[in-house]
Every structure is written in structure tokens, then in C-alpha cells.
Amino acid sequence: MPFPAAACFVQAKLGASRAAAFDVSAACAGSLFALSIADSFIKTGTAKKVLVLGAELLSRITDWTDRGTCVLFGDAAGAMVLVVETRKDRGILSTHLHTDGTQTNILNVPGGGSLCPVTEKVIADKGQFIKMNGREVYKTAVRALEAASREALETNGCTPRDVTRVIAHQANMRILEHVMKKLEIPLEKCEINIDQVGNTSSASVPLTLDQANRAGKLKDGDLVLMMAIGGGMAWGSALVRW
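Taken in order, the sequence shown gives residues 1 to 242; the numbers are from the numbering used here.
FYI, nobody ran anything at the bench for these hints, they're computed from the structure.
Fair warning: there could be bad hints in the mix.
Stated by the list, open to error - The following label-pair restraints were derived from C-beta to C-beta distances:
1. E151 - F41: 20 to 28 Å
2. A215 - T155: 23 to 31 Å
3. T159 - K88: 16 to 24 Å
For every residue, glycine included, the Cβ atom is placed at its ideal position computed from N, Cα and C.
Construct the complete structure from the given sequences, taking the supplied hints into account.
Structure (C-alpha cells):
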């Protein structure tokens, strides 16, 4: 349904009656955009605890006859909790968000909204499913993620060599490999799960972060570089002192 927000249903199920709840729409970069908003809430004193959720049922909007997309995407959910950090040298050091609305056509679901309501023709044309120009998405993703990552590092006086672990949106393996190569960060520092769960869109970043944490790969004081990009195109980065 177009409204109310999915966050309202989650709030009710959790019994979090005192919490304001709203959706953030930035496709695969959604969790990182929400993380930035949550960080601002914490740092400005608007909130003391913020729950960030990313959940996707991409199987519902996947065309299983389109080999260019159906092999990529997965269903998943992940969550992150932000609280006030008493030590100024820990937590989220900075976040950096970007959008290029001129590229809305290279990755989208064209049908189903107010711009293109569902009709028999839309369904016949499979407009309710994910459409992607893989070549253009690849070029944009590599360029944007490298730039956003360098922006986060330079803002905090750090270099790629200082990074302990990379938590990246699992877009596809080629993008991850190319971005790591551009940044001159060893691929083994980048947490990988796309081979297990696929591209899970906004769930990807919290899911990947949880995987690294549960595996004991995140230690006190580690410098963690986070990055994500999604349809829009919308992308961003965050630098975190664990």
C-alpha cells in the first residue's frame, strides 16, 4: 500500500508507542541514509536511542524471466541500534550523502506508483518489476562509491590504509572488487555475503555489519568504512570508529 509507512506497522508490533516512526526511501542506499538521519538525531539531542531497519522482499518485484536481474536479488532484513556515545572519538565520525536524479532511468521499478499507475498494459509490459541497465549502474556505482569513500576518509584526516573493515552494500562482486582496487584497500578487508544472500537492497548494510560483528571481525577501536548506492541514483558513505 502507498501509505501508511511500513515503519508504523513495525512500531505497533514492537510496542514502541513512544517512538516516532517513518520510512526512508533511497533504494539500496536506504539504510545508510537512515543511519545518517539517526546519527543527526543522536548528535542534536533529538533522540537518545534510534532503531534503523532495512527490510526487502525483492522476490515480489523480480521478473524471473529476466536473467539480468533475477540472479542478483534476495529477500532479507537487518537492524542497527544507535545510542549516545559518551566518548567523542567513538561512534559515527561522519556521514556523506549524494543523489543524482538524472539517472532515475538506469535502475527502477517503472510501474505501480502515481507516475505510472498499474494498468493492464503496465502489467503486460512487466512494468511492475525491477528494470536495470547493468552497464550504466556498474560505471556509476564504482565512480560514486570511490568518491564518497574518499570524502569520508579525507573529512576525518584518514587514508585508505587506516581502514580496518569495509561494510559495503552488496551490489555485485565486480563492483566491490573494482571499488576496493580503486581505493587500494585489500579485498579481504571487505565483508562479503552476496554469494550467500544476493543483493538485498536496503537490508544489505545492516545484514553485512551484523555478519562481521558476529564473526568477531570488528574490534574495539577499529576504523570501519561503510558505503552504499541504490536507484535514484542515491549513494553515500559513513566512517565509524568501532
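Now the hints, each set against the structure:
1. For the pair E151 and F41, the beta carbons lie near 22 Å from each other, so the given range of 20 to 28 Å is met.
2. A hinted range of 23 to 31 Å holds for the C-beta pair A215 and T155, which are about 28 Å apart.
3. One distance hint, 16 to 24 Å for the beta-carbon pair T159 and K88, holds here, with the actual separation near 21 Å.
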